[in-house]
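So you can see what is in the structure, the chains are spelled out below.
2 protein chains.
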Amino acid sequence: METRELLRRVAKGDRRALAKAITVLEDGSDGASKLLAAVRPPGRVFVLGVTGPPGTGKSTLVDRLIGVYRVKGLRVGVIAVDPTSPITGGALLGDRIRMTDHAGDDGVYIRSMASRGWSGGLSRTTSQVIQLMDTAGFDVVLIETVGIGQSDMEVVGVSHAVIVLLMPGMGDDIQMSKAGLMEIGDVYVVNKGDLEGADQMVVSLLSLVRTLRSRSPSVVKVSALTGDGLDRLDEAIEGMRASFSQGDREIRLRSIRGMMVEMAKGDLVEGFLRRTGPRVEELAKQVLAGKLTVAQAARRLED
Amino acid sequence: METRELLRRVAKGDRRALAKAITVLEDGSDGASKLLAAVRPPGRVFVLGVTGPPGTGKSTLVDRLIGVYRVKGLRVGVIAVDPTSPITGGALLGDRIRMTDHAGDDGVYIRSMASRGWSGGLSRTTSQVIQLMDTAGFDVVLIETVGIGQSDMEVVGVSHAVIVLLMPGMGDDIQMSKAGLMEIGDVYVVNKGDLEGADQMVVSLLSLVRTLRSRSPSVVKVSALTGDGLDRLDEAIEGMRASFSQGDREIRLRSIRGMMVEMAKGDLVEGFLRRTGPRVEELAKQVLAGKLTVAQAARRLED
Numbered sequence: 000m001e002t003r004e005l006l007r008r009v010a011k012g013d014r015r016a017l018a019k020a021i022t023v024l025e026d027g028s029d030g031a032s033k034l035l036a037a038v039r040p041p042g043r044v045f046v047l048g049v050t051g052p053p054g055t056g057k058s059t060l061v062d063r064l065i066g067v068y069r070v071k072g073l074r075v076g077v078i079a080v081d082p083t084s085p086i087t088g089g090a091l092l093g094d095r096i097r098m099t100d101h102a103g104d105d106g107v108y109i110r111s112m113a114s115r116g117w118s119g120g121l122s123r124t125t126s127q128v129i130q131l132m133d134t135a136g137f138d139v140v141l142i143e144t145v146g147i148g149q150s151d152m153e154v155v156g157v158s159h160a161v162i163v164l165l166m167p168g169m170g171d172d173i174q175m176s177k178a179g180l181m182e183i184g185d186v187y188v189v190n191k192g193d194l195e196g197a198d199q200m201v202v203s204l205l206s207l208v209r210t211l212r213s214r215s216p217s218v219v220k221v222s223a224l225t226g227d228g229l230d231r232l233d234e235a236i237e238g239m240r241a242s243f244s245q246g247d248r249e250i251r252l253r254s255i256r257g258m259m260v261e262m263a264k265g266d267l268v269e270g271f272l273r274r275t276g277p278r279v280e281e282l283a284k285q286v287l288a289g290k291l292t293v294a295q296a297a298r299r300l301e302d
Numbered sequence: 000m001e002t003r004e005l006l007r008r009v010a011k012g013d014r015r016a017l018a019k020a021i022t023v024l025e026d027g028s029d030g031a032s033k034l035l036a037a038v039r040p041p042g043r044v045f046v047l048g049v050t051g052p053p054g055t056g057k058s059t060l061v062d063r064l065i066g067v068y069r070v071k072g073l074r075v076g077v078i079a080v081d082p083t084s085p086i087t088g089g090a091l092l093g094d095r096i097r098m099t100d101h102a103g104d105d106g107v108y109i110r111s112m113a114s115r116g117w118s119g120g121l122s123r124t125t126s127q128v129i130q131l132m133d134t135a136g137f138d139v140v141l142i143e144t145v146g147i148g149q150s151d152m153e154v155v156g157v158s159h160a161v162i163v164l165l166m167p168g169m170g171d172d173i174q175m176s177k178a179g180l181m182e183i184g185d186v187y188v189v190n191k192g193d194l195e196g197a198d199q200m201v202v203s204l205l206s207l208v209r210t211l212r213s214r215s216p217s218v219v220k221v222s223a224l225t226g227d228g229l230d231r232l233d234e235a236i237e238g239m240r241a242s243f244s245q246g247d248r249e250i251r252l253r254s255i256r257g258m259m260v261e262m263a264k265g266d267l268v269e270g271f272l273r274r275t276g277p278r279v280e281e282l283a284k285q286v287l288a289g290k291l292t293v294a295q296a297a298r299r300l301e302d
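Chains A and B, in that order, are what the protein sequence lines are. With numbering that gives the first Met the number 0, letter number 91 in the first sequence gets 90, and the count goes up by one each step, no holes. With numbering that gives the first Met the number 0, letter number 202 in the second sequence gets 201, and the count goes up by one each step, no holes.
Hints listed in this document are in silico derivations from the structure and should not be mistaken for laboratory results. Given the structure is predicted, the values throughout are model-derived calculations rather than measurements. Please note that a few of the clues may not be correct.
One copy or any two copies: either way a pair holds, since identical chains are not told apart in the list.
Under the rule of at most 30 Å between Cα atoms (straight-line distance), these lysine-lysine pairs were calculated in the DSSO-like manner [what the hints assert, rightly or not]:
no.: 1; residue 1: K11; residue 2: K33
no.: 2; residue 1: K71; residue 2: K33
no.: 3; residue 1: K71; residue 2: K19
no.: 4; residue 1: K290; residue 2: K33
no.: 5; residue 1: K284; residue 2: K33
no.: 6; residue 1: K290; residue 2: K19
no.: 7; residue 1: K33; residue 2: K19
no.: 8; residue 1: K290; residue 2: K11
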């Protein structure tokens with residue numbers, strides 16, 4: 000199908016066309032460049048990142064949020080970074096089960112993405128898919144990341160708002176601060192709120208939040224399983240979504256900056272690997288022969 | 000301390016000097032470049048990557064392998080990629096507990112590395128630390144990765160041999176092949192060998208292995224907890240370590256290529272971020288104003 004025709008169908012809400020367009024982006028071929036060139040600047044879609052350590056219940060919370068937005072009549076896209084995919088194809092954690100929950104709902108589109116095998120990195124493709132979902136008329140895109148590693152931080156960087164999901168028994172204040180936790184969240188959610196230590200954790204987070212100067216994130220206790228506290232979480236997010244809808248420049252610029260940098264970086268690395276491929280072998284042989292250190296060889300590769 | 004003096008102490012086996020030198024590399028400052036310039040081409044150290052999904056028992060296996068090599072009188076360095084560090088600082092999975100097991104042993108050096116906050120990426124720093132551990136006279140470096148994401152694959156690329164750790168109940172052949180599992184391992188280890196399905200998994204893996212043309216990885220069943228089957232695993236690795244020691248070019252080139260590319264790529268990305276920083280804001284504003292698409296802005300950033 001021609002790029003323009005494909006995009007026209009995406010914009011009309013054709014799910015098959017959207018699926019096909021995402022596959023084109025994943026392939027990273029010429030088609031991807033053409034597709035992106037034809038996509039408009041980002042507009043209506045609100046991007047909400049959900050991150051946190053494994054086992055905190057991100058999938059369940061995302062499921063709940065889908066429900067919350069569907070009740071409001073909003074169309075929801077989900078980009079789920081598949082935590083175990085490099086090794087098992089995602090089967091281990093059984094994340095795909097939830098995909099079926101919204102299978103019959105035309106207002107929900109869920110796409111699972113494996114963090115392995117993406118030539119230019121996961122964050123580049125995520126940025127591209129967000130733009131595509133914007134074109135397809137979605138109101139909200141939820142990005143669920145596994146909360147491990149640099150690429151998650153990059154994915155979070157393209158969001159308009161970030162939820163950090165925690166649960167009782169995860170460590171004390173100092174660890175949370177040290178791990179950079181307090182730098183990224185707009186809303187801190189303590190899940191499994193019925194467990195021992197949940198209230199203490201909320202208190203700790205609230206006192207940590209008070210020490211921040213540049214912004215004041217919310218702290219909310221929920222139970223994603225029972226739905227308890229979900230209304231307060233919704234309220235916290237709605238504040239940010241309202242600012243976004245009213246054209247808050249800083250919120251919009253933040254996501255644009257993130258997408259721009261991740262796309263450029265992805266292109267850069269891909270180009271580098273293509274360009275230098277043939278010279279790697281020759282330089283490696285010189286290192287093996289003791290003529291160059293690895294650092295010297297790396298520098299020559301960069302030239 | 001002057002770089003040359005620091006390296007001299009590292010080469011003499013001074014642990015404090017090694018710790019300090021690694022910190023210098025982590026900082027990525029001018030000191031890091033000087034340090035790397037003075038390090039010799041890689042020589043004696045055998046790099047063994049251990050990867051696999053969360054929960055398969057990597058830490059326990061690494062602990063066992065340390066024991067195996069210590070009995071042989073070999074000095075062992077460990078680079079443990081900290082799975083939960085971006086959010087909790089590594090406390091969640093309690094990985095650090097094992098650090099104390101070898102605390103009194105001068106022949107073992109364990110360094111935990113957080114995947115977050117490394118300017119040029121985890122894989123670049125890992126490559127650098129391997130060279131430093133080589134200089135410090137270690138015989139074996141074990142790299143333990145969390146088995147999730149692209150950066151793990153990159154870390155695996157700097158190894159002379161790779162162990163993929165699996166356990167019963169992780170999915171079928173097709174999933175394993177699809178996930179690229181069969182591309183990376185030199186030894187496939189089925190851990191928790193006493194669980195139901197372990198023997199079946201070994202059979203499946205063996206039949207998968209037979210379909211590979213370019214190489215023939217081993218398949219071993221163990222129980223890292225009891226130590227069962229560890230002798231067979233050791234045997235499988237010793238074959239590769241012997242080839243390495245005898246100067247097998249292909250095994251040596253593989254690690255050199257990996258380190259070279261990761262270091263160059265890290266430098267490239269870091270340079271890009273530094274260089275483009277000031278222009279990001281201006282271009283993002285043009286996207287916000289609808290004058291450019293994100294793809295166009297990204298392309299201008301690359302120029």
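(request) Pop the pair K290 and K11 into one bin, within, between, both or neither, using alpha-carbon distances up to 30 Å. (result) between (60 Å within a copy, 24 Å between copies)
(request) Give the relationship of K71 and K33 under a CA distance limit of 30 Å: within one copy only, between copies only, both, or neither. (result) neither (35 Å within a copy, 58 Å between copies)
(request) Classify it for me, K290 with K19: is the Cα-Cα distance of at most 30 Å met within a copy, between copies, both or neither? (result) This pair counts as between: shortest inter-copy Cα distance 28 Å, intra-copy 49 Å.
(message) With identical chains, the pair K33 and K19 could be close in the same copy or across copies; at 30 Å between alpha carbons, which is it: within, between, both, or neither?
(response) Within one copy only: 14 Å inside, 49 Å across.
(message) Regarding K290 and K33, is the shortest C-alpha distance of 30 Å or less found within a copy, between copies, in both, or in neither?
(response) Answer is between; shortest inter-copy Cα gap is 18 Å, intra-copy 44 Å.
(request) With 30 Å as the alpha-carbon cut-off, assign the pair K71 and K19 to within, between, both or neither. (result) Classified as within: same-chain Cα gap 28 Å, cross-chain 56 Å, threshold 30 Å.
(message) Reference check for the pair K11 and K33, CA-CA at most 30 Å: within, between, both, or neither?
(response) within (19 Å within a copy, 57 Å between copies)
(message) For K284 and K33, with the copy left unspecified, which applies at a CA distance of at most 30 Å: within, between, both, or neither?
(response) Close across copies (23 Å), not inside one copy (39 Å); limit 30 Å.
In terms of the numbered hints stated before, the structure departs from hint 2 and from no other.
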